[in-house]
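Q: Sequence:
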Amino acid sequence: MSVPGSASSAEDQHLRTLFQTAPFLVAATEGPLHRLAWSNDCFAEFFGAAAIIGAPLHDAVPDLVAQHVVAAMDGVFAGGKSRELRAVTLSIPTAGPPRRRMLNLSVHPRHRADGAVVGLHLHGADVTGGGRERSETARRGQEQRTELETLYNKAPVGLAMFDRDLRFVRVNERLAEINGVPVDAHPERLVWDVVPDPNIRRAAEPLLRGILETGEGRTVELEGETRSQPGIVRQWIEHFYPLIDEQGDVVGVGAVVEEVTERRRAERQRAESEHQREILVQELAHRVKNTLATVQSILMSTLRGHVEPAPLKVLTQRLEALAQTHTLLAENRWAVDLGLLARGELAPYGSRAQARGPAVALHARAAVALTLTLHELATNAAKHGALSDGTGRVDLSWEVAAESGNDSPVLEVVWNEAGGPPVAEPGRSGFGIRLIRRVVPHDLGGTVDLRFEPTGAVCRLTMPMREVSP
212 MSVPGSASSA EDQHLRTLFQ TAPFLVAATE GPLHRLAWSN DCFAEFFGAA
262 AIIGAPLHDA VPDLVAQHVV AAMDGVFAGG KSRELRAVTL SIPTAGPPRR
312 RMLNLSVHPR HRADGAVVGL HLHGADVTGG GRERSETARR GQEQRTELET
362 LYNKAPVGLA MFDRDLRFVR VNERLAEING VPVDAHPERL VWDVVPDPNI
412 RRAAEPLLRG ILETGEGRTV ELEGETRSQP GIVRQWIEHF YPLIDEQGDV
462 VGVGAVVEEV TERRRAERQR AESEHQREIL VQELAHRVKN TLATVQSILM
512 STLRGHVEPA PLKVLTQRLE ALAQTHTLLA ENRWAVDLGL LARGELAPYG
562 SRAQARGPAV ALHARAAVAL TLTLHELATN AAKHGALSDG TGRVDLSWEV
612 AAESGNDSPV LEVVWNEAGG PPVAEPGRSG FGIRLIRRVV PHDLGGTVDL
662 RFEPTGAVCR LTMPMREVSP
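For the sequence shown, the numbering used here gives the first residue as 212, with consecutive numbering after it.
By construction, these hints were calculated from the structure, which means they are not laboratory data.
Owing to the predicted nature of the structure, the values given are computational and were not obtained by experimental measurement.
Using N, Cα and C, we set each Cβ at its ideal position, and we do this for glycine too.
There could be a bad hint or two in this list.
As the list claims (entries may be wrong) - Here are the computed distance ranges between Cβ atoms for each label pair:
{"id": "1", "residue 1": "Ala613", "residue 2": "Gly259", "range": "44 to 52 angstroms"}
{"id": "2", "residue 1": "Ala277", "residue 2": "Glu485", "range": "30 to 38 angstroms"}
{"id": "3", "residue 1": "Ala613", "residue 2": "Leu359", "range": "57 to 65 angstroms"}
{"id": "4", "residue 1": "Asp660", "residue 2": "Glu432", "range": "54 to 62 angstroms"}
{"id": "5", "residue 1": "Glu478", "residue 2": "Ala266", "range": "36 to 44 angstroms"}
{"id": "6", "residue 1": "Arg576", "residue 2": "Ala613", "range": "18 to 26 angstroms"}
{"id": "7", "residue 1": "Gly391", "residue 2": "Arg297", "range": "37 to 45 angstroms"}
{"id": "8", "residue 1": "Glu432", "residue 2": "Leu359", "range": "27 to 35 angstroms"}
{"id": "9", "residue 1": "Ala482", "residue 2": "Pro633", "range": "56 to 64 angstroms"}
Claimed, not checked - Capping the alpha-carbon separation at 16 angstroms, the derived lysine to aspartate or glutamate pairs in EDC-like fashion look like this:
{"id": "10", "residue 1": "Lys365", "residue 2": "Glu457"}
{"id": "11", "residue 1": "Lys594", "residue 2": "Glu636"}
{"id": "12", "residue 1": "Lys292", "residue 2": "Asp460"}
{"id": "13", "residue 1": "Lys292", "residue 2": "Glu457"}
{"id": "14", "residue 1": "Lys365", "residue 2": "Glu399"}
Let the hints inform the model, and build the full structure from the sequences given.
A: Here it is as structure tokens:
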């Protein structure tokens, strides 16, 4: 039995599943230094403590160099053709005296999907022992073959071997179940007699012929119908690998078949659900924007002629700020980054207003609360503070920190004005100031420290992260 020859995480997992407790040596190496990537229990027992995952195997067992095993491994890695080594005698280092062991070893290339050799597969048999031990060795060999047959037949994935004419040599029970044909009805039949779907043949036959010609394994996903479920299109991931004899000739192809029909169906359902969700979100966003536009239009029509233009403009700007925040939320699946929101609010003021801080995702309630607060701070700065003349500037920053006396993280947002005209605490708090001082405590359980320093307004907002994060 040959070991597959394509390097992939899925294949490695299959190897571990199929061969971890196999009664013969199986291992894989990576790179030109032949670093041990993994090994089964039998391999670890043979080499003992010398078999260190991640280290070149020949560093710990120098005899691999002296007995020309490393040279053979170098040749397989460079040329991509398998080698068979017989009766290799090795001195295995131990904590005490070295152990003398004899090994038959097969060396096969591991290929990446693009065909490049990235490592080696090793499998072999411990043939240590003399004449008195041969009967015991034969008995153990028979037990091992029986165990291997059971392992092969009961494997949870489909397994098959084809000859050079692409006739079945053998299959296991799982592949017979997939094909809908009994195990004993497979041998000597052409693959396409057992699996007659022309779509499968068009995709698979060129790959199988290529492996027979080049000796390079391939992994592919196929779909089609089999006799077990006629009329139903199913999907499989198939790992094809060359079967190589002792002379290094490709004598057939092996296959490891994993059905992924249910996995692909679940993926399609998730994609369809996500698509429907996106449609609903966009429809909701469209309707809310239209509602806000309608509210704005009604207010303008109702209040025009009854309210001075200046407060009417402030009101419409507040509605526009809410509409922009809603658009951001809809475009970002109802969790918007604070930086995106802050820079959008400060954009009209150009380089005179800067926003900086780490990425912080805000849920919808937090985004609306901070939009209202930042909008009122910017409006106040443009009317009376640092942005009311040509010299002032605003620095908006935030950070996530531990709350004093508490391990729970808090979001701290600081609005700092400088360089503008002198400011003072207003004698009467207008709606905007009241909004700044109330929204964050009421909606987010936070605190607001708003001070009017001679150099400019300073506002510190503090709120628990659990109240702002999605």
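Q: Against each hint, give a clear statement of whether it holds in the structure.
A: A quick look at each hint next to the structure:
Here the CB-CB span from Ala613 to Gly259 is close to 51 angstroms, well matched to the stated 44 to 52 angstroms. Ala277 and Glu485 have their C-beta atoms about 60 angstroms apart, which leaves the hinted 30 to 38 angstroms range violated. The beta-carbon spacing between Ala613 and Leu359, approximately 59 angstroms, falls within the hinted interval of 57 to 65 angstroms. A C-beta distance of roughly 60 angstroms is found between Asp660 and Glu432, which places it inside the suggested range of 54 to 62 angstroms.
Hint check: Glu478 to Ala266, Cβ distance near 39 angstroms, so the stated range 36 to 44 angstroms holds. A hinted range of 18 to 26 angstroms holds for the C-beta pair Arg576 and Ala613, which are about 23 angstroms apart. At roughly 42 angstroms, the beta carbons of Gly391 and Arg297 sit within the given window of 37 to 45 angstroms. In this structure the hint that Glu432 and Leu359 lie 27 to 35 angstroms apart at CB holds, the actual value being about 28 angstroms.
Under the hint 56 to 64 angstroms, the C-beta atoms of Ala482 and Pro633, about 60 angstroms apart, fit the expected range. Our distance criterion of 16 angstroms between C-alpha atoms is broken by Lys365 and Glu457, whose separation comes to about 27 angstroms. Taking the CA atoms of Lys594 and Glu636, the gap is about 14 angstroms. The hint holds against a cut of 16 angstroms. The suggested pairing of Lys292 with Asp460 holds, with an alpha-carbon distance near 9 angstroms, which does not exceed 16 angstroms.
For the hint linking Lys292 to Glu457, the alpha-carbon distance of about 12 angstroms falls within 16 angstroms, and the restraint holds. Of the supplied pair hints, the one linking Lys365 and Glu399 is violated, its CA atoms being roughly 22 angstroms apart against a limit of 16 angstroms.
Comparing the model with each numbered hint stated earlier shows that hints 2, 10 and 14 do not hold.
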